[in-house]
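Can you build the whole structure from these sequences, using the hints too?
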Amino acid sequence: MATKAFNSFEMAQAQFDKVALLLGLDESTRELLRQPLREYSFAIPVRMDDGRVKVFRGFRVQHNDARGPCKGGIRFHPAETIDTVRALAMWMTWKCSVVEIPLGGAKGGVICDPHHLSPREQEQICRGWVRQVAKNVGPVMDVPAPDVMTNAQHMLWMLDEFEVIQGGKYPGFITGKPVGMGGSLGRTEATGFGVIFTLREALRELKLPVESTKASIQGFGNVSQYAIRLYQQLGGKVVCVSCWDQTDQTAYSFKKDAGIDLDTLLGITDSFGGIDKTEAKKLGYQILPGDAWLEQPVDILIPSAIENQIRGDNAPRIHAGVRVIAEGANGPTTPDADRVIQDRGIFVIPDFLANAGGVTCSYFEQVQSNMNYFWEKDEVLGKLDLKMTSAFLSVSELARSRKLPMRDAAYVIAVSRVAQACHDRGWV
Amino acid sequence: MTANAHDLPRFGRHFAGSGESISSLGGGAIGGKAHGLLEARRLLARFDAKRHPRIRVAVPSFTVLGTEVFDAFLDANQLRSLALSDAGDRVIAAAFQRAPLPADLVGDLFALARDIKTPLAVRSSSLLEDALAHPFAGVYGTKMIPNNQLDPETRFRKLAEAVKFVWASTFSLAAKSYARAAGRELAEEKMGVLVQEVVGLRRGPRFYPDISGVARSYNFYPSGHARPQDGVVNLALGLGKTIVDGGRSWTYSPAWPGVRPPVAPPQRLLDETQREFWAVNMGSPPAYDPLAETEYLLQAGLADAETDGSLRLTASTFDPRSDRIVLGTAAAGPRLLDFAPVLVMDELPLNPLLRDLLAAFEEAAGTDVEIEFALAAPGNGPAFLGFLQVRPMSVPSAQIELSAADLDHPGAVVASEGTMGNGCWEGVTDIVFVKRGSFDAKHTRAIAKDVEGANTRLSNAGRPYVLIGFGRWGTSDPWLGVPVTWSQIAGARALVESTLPAMDVQLSQGAHFFHNLLSFGVPYFAVSHHAAHGIAWDWLESLPVEFETPFIRQVRTPAPLRIKVDGRSGRGLVLRPEAGSA
Numbered sequence: 001m002a003t004k005a006f007n008s009f010e011m012a013q014a015q016f017d018k019v020a021l022l023l024g025l026d027e028s029t030r031e032l033l034r035q036p037l038r039e040y041s042f043a044i045p046v047r048m049d050d051g052r053v054k055v056f057r058g059f060r061v062q063h064n065d066a067r068g069p070c071k072g073g074i075r076f077h078p079a080e081t082i083d084t085v086r087a088l089a090m091w092m093t094w095k096c097s098v099v100e101i102p103l104g105g106a107k108g109g110v111i112c113d114p115h116h117l118s119p120r121e122q123e124q125i126c127r128g129w130v131r132q133v134a135k136n137v138g139p140v141m142d143v144p145a146p147d148v149m150t151n152a153q154h155m156l157w158m159l160d161e162f163e164v165i166q167g168g169k170y171p172g173f174i175t176g177k178p179v180g181m182g183g184s185l186g187r188t189e190a191t192g193f194g195v196i197f198t199l200r201e202a203l204r205e206l207k208l209p210v211e212s213t214k215a216s217i218q219g220f221g222n223v224s225q226y227a228i229r230l231y232q233q234l235g236g237k238v239v240c241v242s243c244w245d246q247t248d249q250t251a252y253s254f255k256k257d258a259g260i261d262l263d264t265l266l267g268i269t270d271s272f273g274g275i276d277k278t279e280a281k282k283l284g285y286q287i288l289p290g291d292a293w294l295e296q297p298v299d300i301l302i303p304s305a306i307e308n309q310i311r312g313d314n315a316p317r318i319h320a321g322v323r324v325i326a327e328g329a330n331g332p333t334t335p336d337a338d339r340v341i342q343d344r345g346i347f348v349i350p351d352f353l354a355n356a357g358g359v360t361c362s363y364f365e366q367v368q369s370n371m372n373y374f375w376e377k378d379e380v381l382g383k384l385d386l387k388m389t390s391a392f393l394s395v396s397e398l399a400r401s402r403k404l405p406m407r408d409a410a411y412v413i414a415v416s417r418v419a420q421a422c423h424d425r426g427w428v
Numbered sequence: 001m002t003a004n005a006h007d008l009p010r011f012g013r014h015f016a017g018s019g020e021s022i023s024s025l026g027g028g029a030i031g032g033k034a035h036g037l038l039e040a041r042r043l044l045a046r047f048d049a050k051r052h053p054r055i056r057v058a059v060p061s062f063t064v065l066g067t068e069v070f071d072a073f074l075d076a077n078q079l080r081s082l083a084l085s086d087a088g089d090r091v092i093a094a095a096f097q098r099a100p101l102p103a104d105l106v107g108d109l110f111a112l113a114r115d116i117k118t119p120l121a122v123r124s125s126s127l128l129e130d131a132l133a134h135p136f137a138g139v140y141g142t143k144m145i146p147n148n149q150l151d152p153e154t155r156f157r158k159l160a161e162a163v164k165f166v167w168a169s170t171f172s173l174a175a176k177s178y179a180r181a182a183g184r185e186l187a188e189e190k191m192g193v194l195v196q197e198v199v200g201l202r203r204g205p206r207f208y209p210d211i212s213g214v215a216r217s218y219n220f221y222p223s224g225h226a227r228p229q230d231g232v233v234n235l236a237l238g239l240g241k242t243i244v245d246g247g248r249s250w251t252y253s254p255a256w257p258g259v260r261p262p263v264a265p266p267q268r269l270l271d272e273t274q275r276e277f278w279a280v281n282m283g284s285p286p287a288y289d290p291l292a293e294t295e296y297l298l299q300a301g302l303a304d305a306e307t308d309g310s311l312r313l314t315a316s317t318f319d320p321r322s323d324r325i326v327l328g329t330a331a332a333g334p335r336l337l338d339f340a341p342v343l344v345m346d347e348l349p350l351n352p353l354l355r356d357l358l359a360a361f362e363e364a365a366g367t368d369v370e371i372e373f374a375l376a377a378p379g380n381g382p383a384f385l386g387f388l389q390v391r392p393m394s395v396p397s398a399q400i401e402l403s404a405a406d407l408d409h410p411g412a413v414v415a416s417e418g419t420m421g422n423g424c425w426e427g428v429t430d431i432v433f434v435k436r437g438s439f440d441a442k443h444t445r446a447i448a449k450d451v452e453g454a455n456t457r458l459s460n461a462g463r464p465y466v467l468i469g470f471g472r473w474g475t476s477d478p479w480l481g482v483p484v485t486w487s488q489i490a491g492a493r494a495l496v497e498s499t500l501p502a503m504d505v506q507l508s509q510g511a512h513f514f515h516n517l518l519s520f521g522v523p524y525f526a527v528s529h530h531a532a533h534g535i536a537w538d539w540l541e542s543l544p545v546e547f548e549t550p551f552i553r554q555v556r557t558p559a560p561l562r563i564k565v566d567g568r569s570g571r572g573l574v575l576r577p578e579a580g581s582a
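Protein chains in written order, with the numbering used here: chain A, 1 to 428; chain B, 1 to 582.
It is worth saying that the hints were derived from the structure and are not from the lab.
Bear in mind that the values here come from a model prediction, so they are computed numbers and not experimental data.
Here a beta-carbon is modelled for each residue, glycine too, at the ideal position from N, C-alpha and C.
There are no misleading hints in this set.
In silico EDC-like pairs for lysine to aspartate or glutamate, Cα to Cα no more than 20 Å straight-line: (1) LYS54/A with GLU121/A; (2) LYS377/A with ASP151/B; (3) LYS237/A with ASP71/B; (4) LYS377/A with GLU153/B.
Ranges between beta-carbon positions, derived for each pair: (5) ALA76/B with GLU100/A: 27 to 33 Å; (6) VAL91/B with LEU393/A: 39 to 45 Å; (7) GLY259/A with ALA76/B: 17 to 23 Å; (8) PHE272/A with ALA94/B: 34 to 40 Å; (9) GLY301/B with ASP160/A: 55 to 61 Å; (10) GLU10/A with GLN78/B: 48 to 54 Å; (11) PRO378/B with ASN372/A: 41 to 47 Å; (12) ARG275/B with VAL179/A: 47 to 53 Å; (13) GLU306/B with ASN372/A: 43 to 49 Å; (14) ASN372/A with ALA94/B: 22 to 28 Å; (15) ASN372/A with PRO9/B: 40 to 46 Å; (16) VAL179/A with ALA94/B: 17 to 23 Å; (17) ALA94/B with ASP160/A: 32 to 38 Å; (18) ASP75/B with ALA14/A: 43 to 49 Å.
Below, the structure written as structure tokens:
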């Protein structure tokens, strides 16, 4: 999974520039939306378990809040950069806009590797992060959420620190909290299910019965797991998944032509989504190189790991039978790969539409937390389906009527809504 | 075989306004009820509707949840073992309510609740409901919801609760008992769910049809000039629950719609006709009880119906000065529901339509049929008759002949000129009867409990029995008889209803358990205490007591009884073991 020499922010800006041109945005609006509104970069000193003090680098980037309070996750990743966070914050703005939730976009991160941190050390990072930005975040300003290698426990530590600082109870400060502690039912499933809700609609448009389709999936974390579950529930067959192997520090693909058994695989998977390859082999899975997921003879590819995975160099290896790519991850496809995919006539459900289920459900959690009244899971997932389906239909309708690629159509809808909000507020 | 959900158009999230009146959600079978409605729809397409321009006939819009959704719900929430256990109905129903719906269903269901704001009937449509031999008709739950809340979230929640309610009813004690009696494995059962628009009109806080009814092409109790093949129709004001539950309804022969029951004096009709009706509660929210079938139903009286203006087609008026019934509601006075405006005064040609429909469906099905319908008649437009259910009837064919003289047989334990069923049965040695001396209508609920106990004991011992009681078996009104459910008497081999001076009501003629009686081949006997023939109480009371409570007694005969019913003449006998042949 290559990440070298790739700048996500440049890619995000290039995508934006293309859409700004399509929309004919004026110069000041372009200038405003190309850059984040605010950025915070700070140090988080933590006393480690061995007594030493280690200083971690933390970020919070608020790209745009014209449509409502900022919303975005917090990533713990050793390769975190401010540019990655900027790009992800911008994508959050578009994502909230494309599914029409009244929120802006933000992202945060800490350069660290939780694999090598004790729970206490992680807690100190969480609390330190909040202490640094407590004045600039909150239920009416910026609402964080879990992201890469952060989870409900991290959110609870952050909430606790925020409430200590503010001297009150603010369950709407953060989302992704544990159920029963202000979390929303359905949040765990939301992103993966959201991917499949949009995929289901795409297959209907392409007149492909889901029961006749096969899929190959990159990643075996939360998004993939729930995407696989719902896709299989609808009748589809997943024949390949790939995941990161922490021990070997490389990725592998796990293939089974008869279809993977999700529950069995989950039984041999660690908490970071790494599948035990020895056990998998015993269960009859072929263990292939990390990139092999891309080359499988399937109808659907679902990249659900990290950014920059389908690139100009490997896109030609996508199997000729692939009809749909549903981007579960953020920014998995580079612009040059996009051109290859477009030439091949593959239907793309762009990342900030396909994986918007997470933020949509986070928004639901925020609403519930602010009311301190919580909904049943049926209601959460029912609303999620409607939101995702409605967003997909708007995008596909525009793509069809203006003969645009799906990604461009999604951007046109999202950017124009944000630009309009900036105009309406008199900012530009 | 029921149709498959994939054979129907997929639900398109534009249920009401799409013009597509039927659709499916999820895969698998659609179940018996939905299958029947599909068949009805096909037949209606060929039906000559031009002959009846004043009434539009159609199957009300519905979407059906396929049985795969039911399976996915049970499996994802690991509900099967609890469902099949002997846990109480409310325990099972509550567990179903707590469990989330399958994720691939909720969006469509939410869209449905968002787009429709009129009452919905959420009805069972199971695989076994399709079986002609032992149809599970009336065994499973139906829930009506007003669906008129302002916010779609509440409408969705209520719809989801109703779907889970129907799913849970698959595993009710009644269903389990029925399955045992029918020799079916409930584990094989799969439940489709129909979500159907309720036929009716809103009148203030109530929503209900002007007329609901059940029309059968074969009449087991022809009287007067009517012949069995003329059929029979039951009509009621409001929702069909009145008829299904065995409440008071108007029964007539479609060949003789103007013939009134021989009730004298006419004033008695006031007591013997429908006085209350069921409606969907569109007003103030009731107490929250998702486990109750009647959560959103209410009962109203004729005064309410008069206020609503819904007596126009259904009522006549009793004139106390002349001691006669004046047809229609032009005159002032106490109202009674005899449906004279449509049956006698031809205000709406309902009966000709029903006759044509019965004939058309009977011909198409190649057997006698039963049609459940509801009619809404707005004052300013054509009336609408909605098909709610269509199913074949099994009519007995064996030739048993009993003459009037046969009923004088000295060995008769029960002799009746009003029976249902056809054939001969032997091998029954147990009789459970309600005691004459201690009977009082105020104790009928306690009697139901005692009967249930006897039924359980005898069923567990594999001993079928003859059940004798006063008033209507299975009525929902405890003042009209013993309010048992079918599961409480499912082990009975023959059912006898009798009157007493203290319980002198019109007997049910098996209406409450009509399908159970037919499908299990259980003969039914109606015995009036006024009739020349009756029940040999003295002999019954002389038998040694096997078991007794303050209200009922179980006795055992020294040798098997013989039960004979002549389905053509309606005569029937239960004969003592030592009696000669009749």
